[in-house]
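Visitor: Residue numbers (full-length UniProt numbering), protein chains in the order written: chain Z, 1 to 284; chain W, 1 to 284.
Check before you lean on any hint, since a few could be wrong.
If chains are identical, the list can't say which one is meant, so a pair holds when it fits in one copy or spans any two.
As the list claims (entries may be wrong) - Listed next, the in silico EDC-like pairs over lysine to aspartate or glutamate satisfying Cα-Cα at most 20 Å (straight line):
{"hint": "1", "residue 1": "K172", "residue 2": "E213"}
{"hint": "2", "residue 1": "K59", "residue 2": "D78"}
{"hint": "3", "residue 1": "K35", "residue 2": "E120"}
{"hint": "4", "residue 1": "K23", "residue 2": "D184"}
{"hint": "5", "residue 1": "K21", "residue 2": "D247"}
Since the hints were made in silico from the structure, they are not lab data.
2 protein chains.
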Amino acid sequence: MANMELWYTENQTDNVNFSMKVKEHLYSAQSDFQKIDILNTYEFGRVLVIDNWTMVTEKDEFIYHEMITHVAMSTNPDIKNILVIGAGDGGTVRELTRYNTITNIDMVEIDELVVRASQEFLPFTANKLEDPRVNLYFEDGIKFISGKENLYDLIIVDSTDPIGPGEGLFTKEFYTDCFNALTDKGILINQCESPYYPNNATEMRRSFSKLEELFDVCEAYQYHMPTYPSGHWMFCFASKNLHPLKDFDATRWNALNLTTKYYNTDLHIGCFSLPTYVKQLLRD
Amino acid sequence: MANMELWYTENQTDNVNFSMKVKEHLYSAQSDFQKIDILNTYEFGRVLVIDNWTMVTEKDEFIYHEMITHVAMSTNPDIKNILVIGAGDGGTVRELTRYNTITNIDMVEIDELVVRASQEFLPFTANKLEDPRVNLYFEDGIKFISGKENLYDLIIVDSTDPIGPGEGLFTKEFYTDCFNALTDKGILINQCESPYYPNNATEMRRSFSKLEELFDVCEAYQYHMPTYPSGHWMFCFASKNLHPLKDFDATRWNALNLTTKYYNTDLHIGCFSLPTYVKQLLRD
């Protein structure tokens, strides 16, 4: 007797599907904000899917979470006070808690259910949310940051795509609030989509151009993220003063002896070297 | 009345499928060596599929073909005599013919039918095969190169995966013949798979370690190839004498004023900065 085959298919574009074979559909819930699913898959281990988009997989989450944190932390090792918006799976906080120099992490996730489901099913990312330096706020990040001034050394916007609850995290008003909430040497790291498929590329350009208007330093960097559409994804590094290459001291970061699987100080420099078509998209 | 939906699904691994929506199945043939299909797709334009593996798409072939050629050409602008093995779609030769300094390109493709089909259906890659400097040989590259000595400034192995007709192009015997056929400053560029899925990673390691035993200089570089499994792919740069970073002169290449969409001289440097897990795979 043949076993039933269960596949999760993601419509990466109207004309492109990506499918992973599923061992078990572990969790499914509709929160006040979005649909949350957790799968156990053959190739990628456990997978968090929100509104039918793959957010985190056990196999490659290390790439995303190392790249969203260590580029800023190595540019300014004096970072002490951090705001993380989104990031409900906990992976971003897990990486940050590895720095003993960090004294406070405010994590603002609009959807408590993502955090609770991650704590139950994704212990590999959600295992540091009870670190005493971490304060969890289940609130709208847009409201949380409004009016705050000169407070955070680093703000990480670890959001879903700019549709649904993540939409307001891609506006000029929100970026202006981030600018104001940052200290003089403050850095903003922003999930800013992908250059390859037209929908993602449009959002990447919009997000980058808004940040570039506000911040003296604004640079995009790339990483290989196999389970996201096209596998070619970007973060933006924006700062009032610090430049991710000019103010970067590889020796200092390497002396911390942090073990990483994707990030390293050579890659730190290399990831800002973008393909010509991506540069053109960003500068147009 | 609903239109029929036609999708091409590639089994990237046993547990991962990648599917593209097809406008028209333009061509299908079984040659003496392999199955050749050409599709017209909504997202990627025309697509060459060999033995059910995507080889070339109109949308992103520029990435592959720029990266397989310009890294070597910019490391040694004195390259004059070139051997290309495989590359039946013509894209590698197209990029090479842009250099006026090149005097001869021997292209050895085992399967004439790939070339003829590409000339008919993929003019965007196959449009320079009639350049007077190009000599087409429809032979086995392994036999062609055997016994040749001190002849080529550059050998590019633009092969399919190491299964089927491409298999012999990943052996130590073949690499030794390449070594012998190269001039003192000769460079070998080799398609060497991907670090992400286990099957590809195994082949990447095998190929790299064989080259590393033979050549004083052996470095891997990465590129984003969205329509290949995982999107994270690698070439090997092997040479008796020239180093892709130490012997690289960005000013000289930029003075050529070649327009590229992916490759640029910053990226040239950046693409050799590999993620930690990839370095570990290569050095183990």
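Visitor: Hint by hint, say whether it matches the structure.
Guide: Now for the hints, and whether the structure bears them out:
no., hint, result
1, K172 with E213, "within (9 Å within a copy, 54 Å between copies)"
2, K59 with D78, "neither (31 Å within a copy, 44 Å between copies)"
3, K35 with E120, "within (17 Å within a copy, 47 Å between copies)"
4, K23 with D184, "neither (49 Å within a copy, 54 Å between copies)"
5, K21 with D247, "neither (44 Å within a copy, 46 Å between copies)"
Hint check: violations occur at hints 2, 4 and 5; the rest are consistent with the structure.
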